[in-house]
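Here is what each chain is made of, one letter per residue.
Number of protein chains: 2
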Amino acid sequence: MIPTFSSRINQEPTSLDALFALSDRADLISFAGGYPDPALFPKKELNNAFENRIKNASTEIFQYRSVLGYEPLRQKIADYAKTTGTTCSPENIMLTQGAQQGIKLLADLFLDDFDGVVVEAPTYVGGLEAFNEHKPTYYEVPMEDDGMNMDVLAETLEENDVKLIYTIPNFQNPTGYCMSVEKRKQLTELATKYNVIVIEDDPYRELRYVGSSLPSIKSFDLTENIVTLGSFSKILSPALRCGWLIGAKEIVNQLSSLRLSYDCQSSNILLEGIDEYLEHNDISTHITKLRTAYQQKMNAMLSGLSENLPVECSFSKPQGGFFIWVNLPKPLDARELLNKTKRVAFLEGSSLFATSREANHLRLNFTGITEKQIEEGCIDLGNTIKNALLALAI
Amino acid sequence: MIPTFSSRINQEPTSLDALFALSDRADLISFAGGYPDPALFPKKELNNAFENRIKNASTEIFQYRSVLGYEPLRQKIADYAKTTGTTCSPENIMLTQGAQQGIKLLADLFLDDFDGVVVEAPTYVGGLEAFNEHKPTYYEVPMEDDGMNMDVLAETLEENDVKLIYTIPNFQNPTGYCMSVEKRKQLTELATKYNVIVIEDDPYRELRYVGSSLPSIKSFDLTENIVTLGSFSKILSPALRCGWLIGAKEIVNQLSSLRLSYDCQSSNILLEGIDEYLEHNDISTHITKLRTAYQQKMNAMLSGLSENLPVECSFSKPQGGFFIWVNLPKPLDARELLNKTKRVAFLEGSSLFATSREANHLRLNFTGITEKQIEEGCIDLGNTIKNALLALAI
Chain A
42 MIPTFSSRIN
52 QEPTSLDALF
62 ALSDRADLIS
72 FAGGYPDPAL
82 FPKKELNNAF
92 ENRIKNASTE
102 IFQYRSVLGY
112 EPLRQKIADY
122 AKTTGTTCSP
132 ENIMLTQGAQ
142 QGIKLLADLF
152 LDDFDGVVVE
162 APTYVGGLEA
172 FNEHKPTYYE
182 VPMEDDGMNM
192 DVLAETLEEN
202 DVKLIYTIPN
212 FQNPTGYCMS
222 VEKRKQLTEL
232 ATKYNVIVIE
242 DDPYRELRYV
252 GSSLPSIKSF
262 DLTENIVTLG
272 SFSKILSPAL
282 RCGWLIGAKE
292 IVNQLSSLRL
302 SYDCQSSNIL
312 LEGIDEYLEH
322 NDISTHITKL
332 RTAYQQKMNA
342 MLSGLSENLP
352 VECSFSKPQG
362 GFFIWVNLPK
372 PLDARELLNK
382 TKRVAFLEGS
392 SLFATSREAN
402 HLRLNFTGIT
412 EKQIEEGCID
422 LGNTIKNALL
432 ALAI
Chain B
42 MIPTFSSRIN
52 QEPTSLDALF
62 ALSDRADLIS
72 FAGGYPDPAL
82 FPKKELNNAF
92 ENRIKNASTE
102 IFQYRSVLGY
112 EPLRQKIADY
122 AKTTGTTCSP
132 ENIMLTQGAQ
142 QGIKLLADLF
152 LDDFDGVVVE
162 APTYVGGLEA
172 FNEHKPTYYE
182 VPMEDDGMNM
192 DVLAETLEEN
202 DVKLIYTIPN
212 FQNPTGYCMS
222 VEKRKQLTEL
232 ATKYNVIVIE
242 DDPYRELRYV
252 GSSLPSIKSF
262 DLTENIVTLG
272 SFSKILSPAL
282 RCGWLIGAKE
292 IVNQLSSLRL
302 SYDCQSSNIL
312 LEGIDEYLEH
322 NDISTHITKL
332 RTAYQQKMNA
342 MLSGLSENLP
352 VECSFSKPQG
362 GFFIWVNLPK
372 PLDARELLNK
382 TKRVAFLEGS
392 SLFATSREAN
402 HLRLNFTGIT
412 EKQIEEGCID
422 LGNTIKNALL
432 ALAI
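Top to bottom, those sequences are chains A and B.
The first sequence begins at 42 in this note's numbering and counts up by one.
The second sequence begins at 42 in this note's numbering and counts up by one.
With the rest of the complex left out, here is chain A (with noise of 0.2 Å):
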């Protein structure tokens, strides 16, 4: 007999369990994932700076190196972020497992038990997942399609204990929304305000595919309470396992400390690997290719969607990253829906609203498969969705 688990432990399976395991079968179109697609990693590149950084690197490369992870990466990611207006130095950033363990490893730092947190509604699972085994108090902020709405969240900060602000301002994962420059502005005033940490989750800024980059919202950061987090996981692979923090210092060390009990640090080989990519590679001109192959398969979509969706159902335009929200008229109930469809696969959205639970939203990610697949899909779930409705109506 094994013994209890403990009480933090949630022993049902996890949207992210079932958006892992979704994205593996094979029998169906997936709109379900968030992977990228496959046929666009720079294989040859990646296989080219692993074997070259090897070679001409001492056996040093394969030894255990600082938790703060390899300097010259550090560097390479610093200059990056002055393009986005984060003004920071390799002190200031800890390169992580991908940006999950960012989340995670300030969800540990900053948050006891049942304090209040607050997110979109709706925001990224894994987000949630993180926050959870602390019991958070959550406050659910609605997003809009320019970001989370801001009279809400004074009003939340004035009226409740906040420790934390969860945000993923650039074509938010599950809606596609992006927040404004306005809103960045006012959250940071905000955060600065109530002294509430934010974390500023930004995997999916490079990929852009309509309008203008907009400042990180820590760039306007007034007290060292914004942290960014980004990631090599969308623009480069996901097996490279690379992400990033961008903090205090005051923060960088207490994680540093923090991560040697979780796993001591990232792979020195990968990140070597990623350093001399970026040094023999222009990392823009591979960006620039992935911005033109997901900006057409999110045309094919969004087409296919106007096509085929009933007009009761509306669907978010984003400007860039890897996802469709979708509306459904309030009736439908998209966990109902997902077992009705015939050949394509979503991520149902009631498990992306902290609370409140709506039932009545599907997220579809349009990147991880092909145009063709996009198009059957969207003619399947238009077809579910229509039924769903004549059954209603009856």
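One thing to keep in mind: the hints can contain errors.
For chains that are exact copies, the list does not tell them apart, and a pair is met inside one copy or across any two.
DSS-like cross-link-like pairs, simulated, lysine-lysine; straight-line CA separation at most 25 Å [claimed, not checked]:
| id | residue 1 | residue 2 |
| --- | --- | --- |
| 1 | Lys123 | Lys413 |
| 2 | Lys330 | Lys96 |
| 3 | Lys290 | Lys427 |
| 4 | Lys226 | Lys330 |
| 5 | Lys330 | Lys234 |
| 6 | Lys85 | Lys383 |
| 7 | Lys96 | Lys85 |
| 8 | Lys123 | Lys176 |
| 9 | Lys84 | Lys96 |
| 10 | Lys381 | Lys413 |
| 11 | Lys176 | Lys226 |
| 12 | Lys117 | Lys290 |
Quick caveat, the hints were computed from the structure, so don't treat them as lab data.
The model shown is predicted, which means the values in this text are computed figures rather than measured ones.
Following the hints, position chain B against chain A.
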């Protein structure tokens, strides 16, 4: 102003910090680290493995993969585990970001605040750091040269609520002691009787220089209470960041959910690279090379200590592993000694005791340095101790 950290966070620098910081200093002979000898990393073979696997794999090698990790590698580990007496299948195995992540995941899975945790006295500081976040009620069981004292363990389990036992059976960090077969059996019987989870942390098993391998604790497992951790860090390279966890399916499944919010998964690139290495190289030949080299270093240190330490000191004579444990005469304080050494650094032992914090011990590592450094370091250490004893006598 940065908001306050969680009350769970220890804001003092940890022993692991000190350990890693010391190991980075080039101006001294460091017996303090726990690093393998970089000259022994199979650089060419690993480079070939990465190059060939990436070249021959589809671009899916760069994609997200399963949380448990690359299945063929888990199969190889299952086959290896059989040689230690452990029967398991790939479904019982999760590939972790080093064995450290295994400790952390298990601590988080099983421990509620203030739960009882049995640790060896002394023990691995990374284990303590992982448990500390749950404010455990520690019970220390003294180490003997054939493993922890089973009478004390039995009494502890009879008299207290204990949730988890943490043990390093082979060439324990920090003492170098190895648990006898008889005690391994007793431990599983006690774990069954009192329904306690046992973490069998076993990263040094293959680095045996004297005598024959002993069966794993898990080989005597009666009720799936034992979870075994292993690692490629000490036998291939720490920068591969690849350990494994072998346990009941129920435990492994629950850890899969937990891990998604930690760092999603290990790097598939690294896992496939290791798999390729194992396909085309005989790792046992490599391990034989390591054993020969490390035995020579261990013998150099044992000789150096015999020749240079005053008779008031005693030290362990390990059959394998990375460490020798030195006991100073009681009035001496290892922390004070560390400030007095001229050229040699070591890990002072007090932080390696969960509660008793005994001050008169040192942990010495012999793998990460040269024989010449070992000889010179032992002379310096001997002189420092002799001078400290003289000062006491005055």
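For each hint, the structure was consulted:
1. For a Cα distance limit of 25 Å, the shortest separation of lysine 123 from lysine 413 qualifies neither inside one copy, at 39 Å, nor across copies, at 47 Å.
2. For the identical chains of this complex, lysine 330 and lysine 96 are inter-copy neighbours only, at 22 Å across copies versus 29 Å inside a copy, given an alpha-carbon limit of 25 Å.
3. Taking the shortest alpha-carbon separations for lysine 290 and lysine 427, neither the intra-copy value of 54 Å nor the inter-copy value of 42 Å comes in at or below 25 Å.
4. With identical chains, the CA atoms of lysine 226 and lysine 330 are never at most 25 Å apart, being 31 Å at best within one copy and 60 Å at best between copies.
5. In this homomeric assembly, lysine 330 and lysine 234 never come within 25 Å of each other (Cα to Cα): the closest approach is 42 Å inside a single copy and 62 Å across copies.
6. For the identical chains of this complex, lysine 85 and lysine 383 are neighbours neither inside a copy (38 Å) nor across copies (50 Å), given an alpha-carbon limit of 25 Å.
7. Taking identical chains as interchangeable, the C-alpha atoms of lysine 96 and lysine 85 lie at most 25 Å apart whether they share a chain (16 Å) or sit on different chains (8 Å).
8. In this assembly of identical chains, the alpha carbons of lysine 123 and lysine 176 never lie at most 25 Å apart, being 36 Å within a copy and 41 Å across copies at closest.
9. Taking the shortest alpha-carbon separations for lysine 84 and lysine 96, both the intra-copy value of 18 Å and the inter-copy value of 8 Å come in at or below 25 Å.
10. Only within a single protomer do lysine 381 and lysine 413 lie at most 25 Å apart by alpha-carbon distance; the minimum there is 21 Å, versus 72 Å between protomers.
11. When the C-alpha separation of lysine 176 and lysine 226 is checked against a cutoff of 25 Å, the pair qualifies neither within a copy, at 29 Å, nor between copies, at 39 Å.
12. For the homomeric pair lysine 117 and lysine 290, the shortest alpha-carbon distance inside one copy (18 Å) is at most 25 Å, but the shortest distance between copies (42 Å) is not.
Of the numbered hints listed earlier, those contradicted by the structure are 1, 3, 4, 5, 6, 8, 11.
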